[in-house]
Amino acid sequence: MTKSPMFRHLTRVGLALALAAICAAPAAQAEMRPTMNLSGATGLIDMPSGEQQPDGFLALNHGEFGPIFRNTLTFQISPRLSGSFRYLGIHRWNRQVCPPNCADANGFTTYYDRSFDLRYQLLKEHKYLPAVTLGLQDFIGTGLSAAEYVAATKSIGPRLKVTAGLGFGRLGTFGSLGAPLGDRPRVDIGRGGKVNYKQWFRGTAALFGGVEYQVNEKLSLKAEYSSDAYLDESARRGTFDRHSPFNFGVEYQYSPMIRLGAYSLYGSQFGFNVNISLNAPQRPRGGIGGSGPEPVKTRPERGTDPAAYSTGWLAQTDAKDILIGNLTRNLERSGILVESLGVTGDTAQVRFRNTKYDAEAQAVGRVARALTQTMPASVETFELIPVVNGLPTAKVTVKRTDVEALEFAPNAGAALRPRITITDADAPAFDLARNPDLYPKFTWSVGPYVQTMLFDPSEPFKATAGVRFAAKYEIRPGLILAGAVTKQVIGHAGAFGGADASPLPPVRRNADTYNAKADPDIESLTAAWYGNLGRNLYGRVTVGYLERMFGGISAEVLWKPATRHWALGAELNYVAQRDPTGGLGFSAYDYRVATGHVSGYFDLGKGYHLQVDVGRYLAGDVGGTVTLLREFQNGWKIGAFATLTNVSAKDFGEGSFDKGIQLEVPIAWFSGQPTRSLRPLVLRPVGRDGGARLDVTDRLYTTLHGYDKAGLDAQWGRFWR
Amino acid sequence: MGAVLEMTPARKLTCLALFAVLALAGCGNDPAAGDLSDPVKLAAAAVKARIGKAAGASDAPDPAMVAQLRAALEKAGQPILMVLSKTLNYAGLMAPYGVNGGVRTWATEQYVTLSTRDDIVVATRGFGPDMMSAIAPSLAQIAAGHGTVQRRYYYLDGADQTQVFAFACTIAPEGSETIAILGKAYVANRIGESCSGPSGSFKNQYWFDSRHILRQSTQFLVPGVDDLLLQRVID
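Chains as they are written, first to last, in this note's numbering: chain A, 1 to 721; chain B, 1001 to 1235.
Everything labelled a hint here was simulated from the structure, so no lab data went into it.
Among these hints, one or two may not hold up.
[What the hints assert, rightly or not] Mimicking DSBU-like on lysine-lysine, the simulated pairs with C-alpha atoms at most 35 Å apart in a straight line are:
hint: 1; chain 1: A; residue 1: K356; chain 2: A; residue 2: K487
hint: 2; chain 1: A; residue 1: K462; chain 2: A; residue 2: K517
hint: 3; chain 1: A; residue 1: K356; chain 2: B; residue 2: K1184
hint: 4; chain 1: B; residue 1: K1184; chain 2: B; residue 2: K1086
hint: 5; chain 1: A; residue 1: K297; chain 2: A; residue 2: K218
hint: 6; chain 1: B; residue 1: K1184; chain 2: A; residue 2: K124
hint: 7; chain 1: B; residue 1: K1203; chain 2: A; residue 2: K218
hint: 8; chain 1: A; residue 1: K441; chain 2: A; residue 2: K399
hint: 9; chain 1: B; residue 1: K1086; chain 2: A; residue 2: K218
hint: 10; chain 1: A; residue 1: K297; chain 2: B; residue 2: K1086
hint: 11; chain 1: A; residue 1: K395; chain 2: A; residue 2: K472
hint: 12; chain 1: A; residue 1: K709; chain 2: A; residue 2: K297
hint: 13; chain 1: A; residue 1: K356; chain 2: A; residue 2: K399
hint: 14; chain 1: B; residue 1: K1184; chain 2: B; residue 2: K1075
hint: 15; chain 1: A; residue 1: K650; chain 2: A; residue 2: K462
hint: 16; chain 1: A; residue 1: K198; chain 2: A; residue 2: K218
hint: 17; chain 1: B; residue 1: K1075; chain 2: A; residue 2: K297
hint: 18; chain 1: A; residue 1: K709; chain 2: A; residue 2: K198
[Said to hold, decoys possible] Covered stretches of chain B, as calculated for chain A (at least 3 residues, CB under 8 Å):
hint: 19; stretch: 1101 to 1113
hint: 20; stretch: 1158 to 1164
In this text, a Cβ means the ideal position worked out from N, Cα and C, and glycines have one as well.
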């Protein structure tokens, strides 16, 4: 076989990257990949550049030199906007000042800090114009690392990039040009968590710059001139000696996702960097794997075999049972459970549960194929309704003739889409027969768990790990008993109960105590009811031990049409704080609270989702939460949230208000195989009591999300997979 | 009459492909059907040896084993397609699984499927990187041995979005040669189809036997993956 060299190269890189590369190939010359600096910002070695990462990329970066390490999570929020969350540590912090001066921050031998960055690309690179980015580094918080800059980067040929920038704050401390925009006011650190906008672009400014040269596909060299004097770390505290503004390094692209760097910094230090870049919008293996579907079974022509189209079978008393049985067996290997079936002479409605596919469209397609195998020839219209927790979601109506005709049509997904309808799953026009074998349904699982406690000032990474046993008993559609118990295998013996004093009830700050004492831990033990209260109106009531720290009752209603881009909900809970010992008691804290929210959910388009919650939080504080998420078609969700309540910054404590980053990672992205498994992750710089919400599982919006028209359309091509 | 409902068992391909086909006595778990393990091992070894050969290894399959496998397949009497992909390290026997219009779907016992219109691949499922649909020339156009045709392939990327690749292809005869399909020799006319498009180029090849049956072909699957080698073992 003959293949162009390009194809051979593609084999190594992987299909998805190949598709992405071909489809997004820029018209200009082959570009150098934008790389990251020690702070996990797109840039040189210690300095930023004018570039951004490709849209949707998520990077984990560990950079270290001398006494300083930085762990950074960076997300390319949009093609021009990127944000970072960073955890920084500086060793030998107080060796020059303590004793005698050991107060406050000087008490630490290692100083830890968290910070956020935002960077906006003002100009994309053009033939004669550089890429220009404006950056705000550490713009909320203590401001120890605060800097603002404008950086420009221009490619010269396919192998060389040159960067020049003007920095303020930290990046204006070496080789100062004076203060063009006036003095920089002292930062009022307070409890942190303030946006220090009065400082921005004030104080002394300085120039920085450097070059990046790509030796070959894998290897590149970097050199830079740094405008960061490290006044605090070097001159004042002596954590390292800054001899020179020049840094040099070599970087190696180990794999498409992993990049390694080694550097000489400031004439005295060795540094290294490990960068993991994930292309969240694209599964690395491209299209999803898993076994093929049942083929579509065609019907005989009505003219040649009119008997096949007779509806005499409707008179069979066991017709529905037989059809449910046949359908169930056909769908078994696709992990689809038939909940109920309604048939008339020409229409079949199937309500089913998808336990396997990360794309609802694929489950819908599998059911449509199974219906061509199992339904009598007279049945022409298929109504397909995915059901979750007993709740019918959207209704997909498909003509059998179209399924037969388009199975092998070019671009079959796009060809079928205009011929189907997606509507609200309203009450059926005919009787549904329930699958007699589905309920009661008992499922259980045993698996490992890891619980992390991050960013404790004295011990930034703490974790417990062990075994979780979970079981679920579904009595009938929408009535579910569920529970989970954990047993620690690896615990952390560290001190607990060290949380600072606060006037707020300790609704969250004693998480450490729960981690240490609750073993074994009855994490949850609940009875839940889900039901349709009316057209597009859903209800939930959950009673019992709702989460690790609270038990009680939680009730919720949600109005969510399957075809709209927004939904409204309300939740009311009355809960008591559980004992930290993992048992069933409520006596240790003697704390009861009514909490609840009114919530609005908005699909802003292009995968951006906004959620606004207003109400009363666990500590009795009143306020609102804004969550902005970006969701990719393959299921990745990445976003940020912030909660402001009537708790003052002083009472809240460190961080001033609750905020954080939220991720949801589909396991199918990694495995390339169909699975509905997700790994949620919430990162908070500080976990405190203000603005804390009850952590009840399977809230209605989360449960129904993805089953609506937008969710089906996002992955519609999977219908034929 | 055709419209009476009956219980239907789940369609299990274990009865269609490797296991049962090779069990000589047919489907089922009847102990009298003989020892299943030998033919299964045999098939696995043959397939493995074929992969080894495809990858350039020197050890050819044991001819006795190949003959035994062929005899078992012929006795079972079902059409059988052997499919190989070096890149995907995949080899399997496929049996007919469905027909829709002019398209026949073949499947392995693991439900990896391949759909052909006139023996030309128009869709695959379960290979991982899959051809979702395609516009392809007819077998008659290929068999003609000359001319130009257009191809379009549709894929889903890692975001489940459709990507289209278009190619223009030139068909040309490449002479006659003897090929071996699972121990059986055929004199075949080889025809090449050279395709190129904005995303690259590839070449399909077709071997027609003396009865003008497409006995063997190498057909493009997806960018970045070696062509599929398809051999029609049993008609």
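Against the structure, the hints:
1. Simply put, K356/A and K487/A have alpha-carbon atoms about 28 Å apart, close enough for the 35 Å limit, and the pair holds.
2. A hinted pair counts as satisfied when its Cα atoms are at most 35 Å apart, and K462/A with K517/A qualifies at roughly 15 Å.
3. Between K356/A and K1184/B the CA atoms are separated by roughly 43 Å; this puts the pair beyond 35 Å, and the hint is violated.
4. Restraint check: the Cα-Cα separation between K1184/B and K1086/B comes to about 22 Å, which is no more than 35 Å; the hinted pair holds.
5. For a cut-off of 35 Å, the pair hint linking K297/A to K218/A is broken: about 51 Å separates their Cα positions.
6. Straight-line distance between C-alpha atoms of K1184/B and K124/A comes to about 62 Å, which puts the hinted pair past the 35 Å bound.
7. This hinted pair checks out: K1203/B and K218/A have alpha carbons roughly 30 Å apart, not beyond 35 Å.
8. For the suggested pair K441/A and K399/A, the alpha carbons sit about 32 Å apart, so the restraint of at most 35 Å is met.
9. The suggested pairing of K1086/B with K218/A holds, with an alpha-carbon distance near 26 Å, which does not exceed 35 Å.
10. Distance check on the hinted pair: K297/A and K1086/B sit about 32 Å apart at the alpha-carbon level, within 35 Å; holds.
11. Note on K395/A and K472/A: the hinted pairing holds, with a Cα-Cα distance of about 27 Å set against a maximum of 35 Å.
12. With a C-alpha separation of about 27 Å, the suggested pairing of K709/A with K297/A holds against the 35 Å cut-off.
13. In summary, the hint linking K356/A to K399/A is supported, as the alpha carbons are separated by about 25 Å, within the 35 Å threshold.
14. Restraint check for K1184/B and K1075/B: the C-alpha separation of about 15 Å stays at or below 35 Å, so the hint holds.
15. Among the hinted pairs, K650/A with K462/A is consistent with the structure: their alpha-carbon atoms are about 26 Å apart, no more than 35 Å.
16. Between the alpha carbons of K198/A and K218/A the distance comes to roughly 43 Å, so the proposed pair goes past 35 Å and is violated.
17. Proposed proximity of K1075/B and K297/A is supported: the alpha carbons are some 28 Å apart, at most 35 Å.
18. With a C-alpha separation of about 45 Å, the suggested pairing of K709/A with K198/A is violated against the 35 Å cut-off.
19. Closer than 8 Å: that is the beta-carbon criterion, and the stretch 1101 to 1113 of chain B has 8 residues meeting it against chain A, so the requirement of 3 holds.
20. Residues of the stretch 1158 to 1164 of chain B lying with their CB closer than 8 Å to a CB of chain A number 7, which satisfies the three-residue condition for coverage.
In this structure, the hints that do not hold are numbers 3, 5, 6, 16, 18, in rising order.
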